[in-house]
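*Asks:* In order, the protein sequences belong to chains A and B. Residues in the first sequence are numbered from 71 upward in steps of one, following our numbering. Residues in the second sequence are numbered from 365 upward in steps of one, following our numbering.
Honestly, the hints are just simulated from the structure, not real lab data. For glycine and all other residues, C-beta sits at the position ideal for the given N, C-alpha and C. Hints are supplied without guarantee of correctness; some may be wrong.
Stated by the list, open to error - Which bits of chain B does chain A cover? Going by a derived footprint, with three or more residues having C-beta under 8 Å, they are:
#1 384 to 397
#2 428 to 438
#3 444 to 453
Unchecked claim - Here are the simulated lysine to any residue pairs, SDA-like style, with alpha carbons at most 20 Å apart:
#4 B:415 - A:190
#5 B:400 - A:178
#6 B:400 - A:82
#7 A:82 - A:190
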Amino acid sequence: QVRLVQSGAEVKKPGASVKLSCQASGYSFTDYYMHWVRQAPGQRPECMGWINPKNGVTNYAQRFQGRVTMTRDTSISTVYMELSRLISDDTAVYYCAPEGLGSGSYYTQWGQGTLVTVSS
Amino acid sequence: DVVMTQSPDSLAVSLGERATINCKSSQNVFYNYDNKNYLAWFQQKPGQPPKLLIYWASTRESGVPDRFSGSGSGTDFTLTISSLQAEDVAVYYCQQYYYTPRTFGQGTKLEIK
Numbered sequence: 071q072v073r074l075v076q077s078g079a080e081v082k083k084p085g086a087s088v089k090l091s092c093q094a095s096g097y098s099f100t101d102y103y104m105h106w107v108r109q110a111p112g113q114r115p116e117c118m119g120w121i122n123p124k125n126g127v128t129n130y131a132q133r134f135q136g137r138v139t140m141t142r143d144t145s146i147s148t149v150y151m152e153l154s155r156l157i158s159d160d161t162a163v164y165y166c167a168p169e170g171l172g173s174g175s176y177y178t179q180w181g182q183g184t185l186v187t188v189s190s
Numbered sequence: 365d366v367v368m369t370q371s372p373d374s375l376a377v378s379l380g381e382r383a384t385i386n387c388k389s390s391q392n393v394f395y396n397y398d399n400k401n402y403l404a405w406f407q408q409k410p411g412q413p414p415k416l417l418i419y420w421a422s423t424r425e426s427g428v429p430d431r432f433s434g435s436g437s438g439t440d441f442t443l444t445i446s447s448l449q450a451e452d453v454a455v456y457y458c459q460q461y462y463y464t465p466r467t468f469g470q471g472t473k474l475e476i477k
């Protein structure tokens, strides 16, 4: 079965960077784009962008351009999301979710989420 | 970005009664080429990731009880729970996956009356 295991919670100071990981199993890792979605407390989920694990091509939401970097390591079926110049508004749970495991590009599976807290 | 607006923001329904949640997209999410609406519904309980209920606006995900149904096309969509059960207490989100970035509604909190 599909498993998406994310790295553990992080506490960062404003201005720092954070790098999260998401290890996938149970499906062909390189065949499905991986998305990152974050959710601030009490807020709606927000899509940050995606990476094509096959070739590393990325597409970032405009509001994160210049601050987010998504990478992958195909040898261990893992994608990474690094967010720099953190501010308090970046406090959120960050999820990975592959698209296309179903009949279309919707999300059928999500990682368990990683809580990132930004606080001085 | 495409704006998804849900109504109401919160809803209290008696057990066994019908619950209806609406979702409006600022852009048409119907794709003529494949005749599909790129609209999904998710259920989220505290401390958990969203769970897919409905995709293509009206197709129930495997394992989702048939009391959940989706309808609508173009810009206006509805999620209906025909007979509310206690385990349905959650926040419900619609999401369009036609445009980049994908966007979610603000959520509807469903409670028991």
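*Asks:* Decide, hint by hint, whether the structure agrees.
*Replies:* Results of checking the hints against the structure:
no. : hint          : in the structure
1   : 384 to 397    : violated (count 0)
2   : 428 to 438    : violated (count 0)
3   : 444 to 453    : violated (count 0)
4   : B:415 - A:190 : violated, 33 Å
5   : B:400 - A:178 : holds, 17 Å
6   : B:400 - A:82  : violated, 43 Å
7   : A:82 - A:190  : holds, 8 Å
Checked against the numbered hints above, the structure breaks hints 1, 2, 3, 4, 6 and satisfies the rest.
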